[in-house]
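Engineer: Sequence:
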Amino acid sequence: MSVANLKSLNELTSLCKRRGFLFQSSEIYGGVGGCWDYGPLGVELKKNVQNSWWKSMTYREDVVGIDTSILMNPQVWKASGHIDGFSDPMVDCKNCKSRYREDQIDLSKPCQKCGQSGQFTEPKDFNLMFSTQMGAVADSSNKIYLRPETAQGIFVNFLNVQTTMRKKLPFGIAQIGKAFRNEITPGNFIFRLREFEQMEMQFFCKPGSQMDHYAVWKEARLAWHLENGMRKEKLRFQPHGPDELAHYADAAEDIEYEFPHGWGEMEGIHSRTDFDLTRHQELSGKKLEYLDQADGNKKYIPYVVETSVGSDRCSLALMCDAYRLENEGDKEKERTVMKFDPKIAPVKVAILPLVKKEVLDTPARKLFADVQKNYMAEYDVAGSIGKRYRRQDEIGTPFCITFDFESLEDQAVTIRNRDTMEQERVSLDQVEKYLKDKLHF
Numbered sequence: 049m050s051v052a053n054l055k056s057l058n059e060l061t062s063l064c065k066r067r068g069f070l071f072q073s074s075e076i077y078g079g080v081g082g083c084w085d086y087g088p089l090g091v092e093l094k095k096n097v098q099n100s101w102w103k104s105m106t107y108r109e110d111v112v113g114i115d116t117s118i119l120m121n122p123q124v125w126k127a128s129g130h131i132d133g134f135s136d137p138m139v140d141c142k143n144c145k146s147r148y149r150e151d152q153i154d155l156s157k158p159c160q161k162c163g164q165s166g167q168f169t170e171p172k173d174f175n176l177m178f179s180t181q182m183g184a185v186a187d188s189s190n191k192i193y194l195r196p197e198t199a200q201g202i203f204v205n206f207l208n209v210q211t212t213m214r215k216k217l218p219f220g221i222a223q224i225g226k227a228f229r230n231e232i233t234p235g236n237f238i239f240r241l242r243e244f245e246q247m248e249m250q251f252f253c254k255p256g257s258q259m260d261h262y263a264v265w266k267e268a269r270l271a272w273h274l275e276n277g278m279r280k281e282k283l284r285f286q287p288h289g290p291d292e293l294a295h296y297a298d299a300a301e302d303i304e305y306e307f308p309h310g311w312g313e314m315e316g317i318h319s320r321t322d323f324d325l326t327r328h329q330e331l332s333g334k335k336l337e338y339l340d341q342a343d344g345n346k347k348y349i350p351y352v353v354e355t356s357v358g359s360d361r362c363s364l365a366l367m368c369d370a371y372r373l374e375n376e377g378d379k380e381k382e383r384t385v386m387k388f389d390p391k392i393a394p395v396k397v398a399i400l401p402l403v404k405k406e407v408l409d410t411p412a413r414k415l416f417a418d419v420q421k422n423y424m425a426e427y428d429v430a431g432s433i434g435k436r437y438r439r440q441d442e443i444g445t446p447f448c449i450t451f452d453f454e455s456l457e458d459q460a461v462t463i464r465n466r467d468t469m470e471q472e473r474v475s476l477d478q479v480e481k482y483l484k485d486k487l488h489f
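Per my numbering, numbering of the sequence shown is gapless, rising by one per residue and ending at 489.
Honestly, the hints are just simulated from the structure, not real lab data. Some hints here could point you the wrong way.
Here are the computed lysine to aspartate or glutamate pairs in the EDC-like style, where the Cα-Cα straight-line distance is at most 16 Å [stated by the list, open to error]:
| no. | residue 1 | residue 2 |
| --- | --- | --- |
| 1 | 282 | 243 |
| 2 | 254 | 304 |
| 3 | 126 | 343 |
| 4 | 484 | 458 |
| 5 | 404 | 389 |
| 6 | 226 | 115 |
| 7 | 65 | 109 |
| 8 | 172 | 197 |
| 9 | 145 | 110 |
| 10 | 226 | 245 |
| 11 | 414 | 378 |
| 12 | 254 | 337 |
| 13 | 282 | 298 |
| 14 | 391 | 304 |
| 15 | 216 | 110 |
| 16 | 142 | 170 |
| 17 | 157 | 173 |
| 18 | 484 | 330 |
| 19 | 254 | 330 |
| 20 | 486 | 467 |
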């Protein structure tokens, strides 16, 4: 059997629209760049990714969760450096007015859109934060920002969490939330968005111990991606060189995935030193020191190790990794299948009565209702059984259960495995146990 992986994001974009994973935002009005809507299957996929991350990060003794506001006092962004320094250099084509990030094009070559040479403007800084006004009067004094990252909400709540939860170093604070960046050139489907969701954890530790924790979290984060079913050969660590490090970091490394358009950052692990807490202490005038009773009541500002992954990019990587085209060109045997790990798959089980007849529909719907108590499931009666199998393969459903006329006699059903296409006869009273054994997550 021949198997082909995803060749381009266009194939995946088409599948996602056709099967209800993702739609262009405001599509009936022509869409809006860098924004996408998650359909019924896409939102299940993303929620599964987020739930997997949340469980791995917070179902442990040394990390707690938080959910901070999108709108924050503008001084937060002054302290973090976003107001003064959160910008990308951009250039415009004088001929077609196309806009590019300076670091993503070769200015000595023709414009990628119109083909004209020597038509680029001088680079100028472009602040990536979205601004708006708060209150009844729209003036500069009421200016506020949509947060460009979720991390600062954690930093400004460090002492609130530490004191109320009685946490001792080292410990972490995790959150999942929306962030907004006015990207110059969004693209590659949902790889680079203007509105996206981050899954971030800030791990606070004693100065001098940060590199030990950095090494531990690096391996833990790679292991999580592998546990979600990603192929190891599609993942790699990419360290930041001395000239690539952010001004606040003393070490940084990305987990990259090999997308159809090339290797791209999916998650960052950063040692942020004490930069953020120090800056917030300086600008707010509030002490953000930790009292270390185990070290003679010594006071100091903790160092921080950060893990930051976008749930959108992670979802994209999982879809790219799961995509398979088997027996390409063979009309009888060709199938597109999304080989999601079962815990990530949007739909776990499909109930398929052999034909659309009431004598099968009633008991099949009872089985569907029972399965739905524990798993996201679909009930599908449209088309031949073969077409329904292919439809479920294309959305990544691990198991299809067929209720046929024989089921009325022997009280058993046929369960088909997505990956092997093998079929097994299982008694109705054993279906729950069968699924529990197979869908072990």
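Engineer: Taking each numbered hint in turn, which are not upheld by the structure, reported in ascending numerical order?
Structural biologist: Hint check: 1, 2, 3, 4, 5, 7, 8, 9, 11, 13, 14, 17, 18, 19 fail, others pass.
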